[in-house]
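Asks: Work out the full structure: start from the sequences and follow the hints.
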Amino acid sequence: MATAAATSATEPETEPQAGPKAEGEEDEIKAAKTRRKVLSRAVAAATYKTMGPGRDQQEEGVSESDGDEYAMASSAESSPGEYEWEYDEEEEKNQLEIERLEEQLSINVYDYNCHVDLIRLLRLEGELTKVRMARQKMSEIFPLTEELWLEWLHDEITMALDGLDREHVYDLFEKAVKDYICPNIWLEYGQYSVGGIGQKGGLEKVRSVFERALSSVGLHMTKGLAIWEAYREFESAIVEAARPIAGFLSPFDRDQTFDSQLEKVHSLFRRQLAIPLYEMEATFAEYEEWSEDPIPESVIQNYNKALQQLEKYKPYEDALLEAEAPRLAEYQAYIDFEMKVGDPARIQLIFERALVENCLVPDLWIRYSQYLDRQLKVKDLVLSVHNRAVRNCPWTVALWSRYLLAMERHGVDHQVIAVTFEKALSAGFIQATDYVEIWQAYLDYLRRRVDFKQDSSKELEELRSAFTRALEYLKQEVEERFNESGDPSCTIMQNWARIEARLCNNMQKARELWDSIMTKGNAKYANMWLEYYNLERAHGDSQHCRKALHRAVQCTSDYPEHVCEVLLTLERTEGTLEDWDIAVQKTETRLARVNEQRIKAAEKEAALAQQEEEKAEYRKKTRAEKKALKKKKKTRGTDKRKADEDDEKEWGDDEEEPASKRRKVENSVPPAGEAQALEAETGLFGRSAPVAIEPPSKQKERAAALKRDLPKVLHDSSKDGVTVFVSNLPYSMDEPDAKLRPLFEPCGEVVEVRPIFSNRGDFRGYCYVEFKEEKSALKALELDRKNVEGRPMFVSPCVDKSKNPDFKVFRYSTALEKHKLFISGLPFSCTKEELEEICKAHGTVRDIRLVTNRAGKPKGLAYVEYENESQASQAVMKMDGMTIKENVIKVAISNPPQRKVPEQPEARKGPGGPMVPRQIYGARGRGRTQLSLLPRALQRTSTAVAQAENGPAPKPAATSAATEAPKMSNADFAKLLLRK
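In my numbering, the protein residues as written are 1 to 980.
A portion of the hints provided could be inaccurate.
Stated by the list, open to error - Calculated cross-link-like contacts (lysine-lysine; reagent style DSSO-like; alpha-carbon spacing at most 30 Å):
| id | residue 1 | residue 2 |
| --- | --- | --- |
| 1 | K818 | K859 |
| 2 | K890 | K423 |
| 3 | K885 | K857 |
| 4 | K820 | K779 |
| 5 | K137 | K93 |
| 6 | K630 | K620 |
| 7 | K130 | K423 |
| 8 | K379 | K175 |
| 9 | K547 | K520 |
| 10 | K178 | K264 |
| 11 | K178 | K200 |
| 12 | K786 | K857 |
| 13 | K786 | K772 |
| 14 | K620 | K604 |
| 15 | K630 | K739 |
| 16 | K859 | K885 |
| 17 | K458 | K475 |
| 18 | K621 | K633 |
| 19 | K890 | K857 |
| 20 | K621 | K632 |
| 21 | K878 | K832 |
| 22 | K818 | K857 |
| 23 | K820 | K832 |
| 24 | K890 | K832 |
| 25 | K832 | K885 |
| 26 | K509 | K524 |
| 27 | K890 | K840 |
| 28 | K200 | K264 |
| 29 | K878 | K137 |
| 30 | K458 | K524 |
| 31 | K586 | K509 |
| 32 | K859 | K820 |
| 33 | K840 | K820 |
| 34 | K885 | K818 |
Claimed, not checked - Listed next, with one range per pair, are the computed distances between beta-carbon atoms:
| id | residue 1 | residue 2 | range |
| --- | --- | --- | --- |
| 35 | D380 | R449 | 20 to 26 Å |
| 36 | A333 | L307 | 21 to 27 Å |
| 37 | S426 | K178 | 21 to 27 Å |
| 38 | E774 | R409 | 33 to 39 Å |
| 39 | Q308 | Y473 | 57 to 63 Å |
| 40 | K509 | K615 | 58 to 64 Å |
Rather than coming from a laboratory, the hints here were simulated on the basis of the structure.
These figures come from a predicted structure and were not determined experimentally.
Even for Gly, the Cβ is constructed at its ideal location relative to N, Cα and C.
Replies: Written as structure tokens, this is what we have:
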């Protein structure tokens, strides 16, 4: 960059650079010297123009040449050297890549990396017009980084030839300083404006740029010093240039020109010394050396006060210097500190500094914009931050909603708000509910524009058409993409109905809307009917109230008792005798039918449970009979073998020891005579003699002896911190100790590998690995899921499950991760490299995990982690439904379903009510349709209606009598069950 030399000389946190070792560094030093020379000449020209009349024409010529020389100095640094390209191959390759990137952007204009690559290639090929257009398109969609802006500015400065081009560069600088807080861009802006000092208003332009730069980054404790010094050097150069002619001026002219210019330098020193900045001591020493008069006491007091403030800020600045980017935690702590101090300028600055490195963190933007909305309330500042927020994180619906509210709050034109809303719809949200939220925010805004005192207005018609469009959009666009509308409870339609009923006095339209709501699967929820009833109660008539409750009694399936109570309460207070009789008859019939259904369901469940018990009893009896029969057969076999042995002894065949006796001694070597006899016995006819089978009792004794002989693997629980548990290893692994030790030795010194064997001496597939140090055990956990002989090896902390029964190890997140994708339907032959090649076309892939079973076989599932949420959102839009090796894959944001927690026994007890009668469950547990025999009206003690599974939270009933459950005795309950 053109200001690298000047910046390195003034920024305290920049590391000192060694002497020039390359041609590029030498060129940079030469360019810096040239700029200083140009600065001096330009300042001298401005001074003579200010203090010496009649020299306008001469200075104009000098300044123009100086501007050209400055442009040449900048271009000398930024322009690449003379490289010898092989145009035939390299240029053709670049052109093909440019065409591919342009085609990709025509499909997905939000591909950030694609924009950057296209600009790089166009700049490399020297396509100046095309690269300017590419940068313009990218800047309209995304905020550009400091590096991209400086590169663009240097190119434009090189091509600037006249005053119009200089104005174009000024406009470009104005755009650059709005994206992020960049001290280097402000410094470049100030130095470039010096080149136009000879033009009309040039001196005022330079001072205006530097003053704005101080307002923006002058409080920056580590980088603000460069701006102060550059501004002060500029004003000091004017003083030095005017000093030779100051003696020839009259006292009045001297006071108006030289002395006033001298006071500007004094003012800059005093302002800078009153602000806590790094290297303040050097600035104070410089002021003492420069000033001819003693430094005023007030300046010294402000300087000492700033030094004290610097000591308070230093721990936070040092933490930022020591940490690595993006330093979010350090910035959050710094922001908390500034919020406690309460200086608005410093709070704004630390937010801006944090956002430079954390521009893709929506929560940080939300916190910043919320502070500006509630504290500063400056229109231009607030709207600028909101606009930058949605450009950095367009996938976050909360930022768009806050932007619309801020625009309405500050009186932005309706057309601008409408255009912003359309941009929000095309931002690519990752959840269906996000679209419902942004539509609701926009509809609320439109509703607040309507003057409902008029029967009809343009704003009202626009509101109604917007409601209609919202319902169509959710049904077509959102439901097609997410397989759900995102609004199962029809909240938008409910709000529309309330507006029509309460504000427009149009109950007919409200009833039509509620009819549509009920036909979308909400008729079974009592709270939806009660919401409609309350609306009719407030803005309708008794006839429609009664009609709504009668329909609710017939349709409600979750809380029919409550709906019946509300109907009876209505007829008790307002109805006639005929209305009361009809209501009682309908509620009794409905409740009788409900109880009958519950009884049938309970009887069915009880019958199934009885059948399961009978089957279990039958199986138990059958197993016992089989076991007794098997035991009887074994006893008979043993008696028969004993009889055969007695016969052999009786016939004199006792020279040879029986086989059963030979097997009693383990690992013993038979005598030579026996070995020869065995050899003759097995080798004479080529087959072995029949071998007698040991009785069960002898086999058990042998197994017990073998178990006693095997070494016991004892684990010392006190060494859990330095031990890891390794499982899912192949059972066929030979010498596990020798094979596993080399795998774990890179993590640290291995004390012992303890494999676990079965009673027969077979490896059981798991072991303990003990290290010398705890950090080695922690590092060994990184080997989890490493492939060992074709199976994923599980490595987990060594924890005693008896002491920690709830301990579970799962290394992956089970919550919503907006930067990670879940891909299903992959072919089993798809490799990690093949999937990465497909995914990296949509952004920077940080990690890919193919899901396998315990045997290491792929399950056709994968998790892909991108660098940020924006890339993941774009990948979902482009990859969902893609075909890979004849398999159609499904792609969604990673949001694993919550694991169902088994119901605790205490859950049978109702809140504040009696214990629910215990049901008889079968062998498979509670059935899906099993219901309680006790009516819910008796279980419920609170007056609030429980929220339905898919319905919105209900509002309280109109009267307490309508929601209070009647107290019933056991006799009343029996009559209720037997009544027809």
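Asks: Determine for every hint whether it applies to the structure shown.
Replies: Against the structure, the hints:
| no. | hint | verdict |
| --- | --- | --- |
| 1 | K818 - K859 | holds (23 Å) |
| 2 | K890 - K423 | holds (27 Å) |
| 3 | K885 - K857 | holds (18 Å) |
| 4 | K820 - K779 | holds (25 Å) |
| 5 | K137 - K93 | holds (24 Å) |
| 6 | K630 - K620 | holds (15 Å) |
| 7 | K130 - K423 | holds (26 Å) |
| 8 | K379 - K175 | holds (18 Å) |
| 9 | K547 - K520 | holds (19 Å) |
| 10 | K178 - K264 | holds (28 Å) |
| 11 | K178 - K200 | holds (26 Å) |
| 12 | K786 - K857 | holds (13 Å) |
| 13 | K786 - K772 | holds (22 Å) |
| 14 | K620 - K604 | holds (24 Å) |
| 15 | K630 - K739 | violated (44 Å) |
| 16 | K859 - K885 | holds (15 Å) |
| 17 | K458 - K475 | holds (26 Å) |
| 18 | K621 - K633 | holds (18 Å) |
| 19 | K890 - K857 | holds (20 Å) |
| 20 | K621 - K632 | holds (17 Å) |
| 21 | K878 - K832 | holds (19 Å) |
| 22 | K818 - K857 | holds (28 Å) |
| 23 | K820 - K832 | holds (16 Å) |
| 24 | K890 - K832 | holds (17 Å) |
| 25 | K832 - K885 | holds (14 Å) |
| 26 | K509 - K524 | holds (22 Å) |
| 27 | K890 - K840 | holds (17 Å) |
| 28 | K200 - K264 | holds (21 Å) |
| 29 | K878 - K137 | holds (21 Å) |
| 30 | K458 - K524 | violated (38 Å) |
| 31 | K586 - K509 | holds (29 Å) |
| 32 | K859 - K820 | holds (18 Å) |
| 33 | K840 - K820 | holds (13 Å) |
| 34 | K885 - K818 | holds (27 Å) |
| 35 | D380 - R449: 20 to 26 Å | holds (23 Å) |
| 36 | A333 - L307: 21 to 27 Å | holds (22 Å) |
| 37 | S426 - K178: 21 to 27 Å | holds (23 Å) |
| 38 | E774 - R409: 33 to 39 Å | violated (55 Å) |
| 39 | Q308 - Y473: 57 to 63 Å | holds (58 Å) |
| 40 | K509 - K615: 58 to 64 Å | holds (59 Å) |
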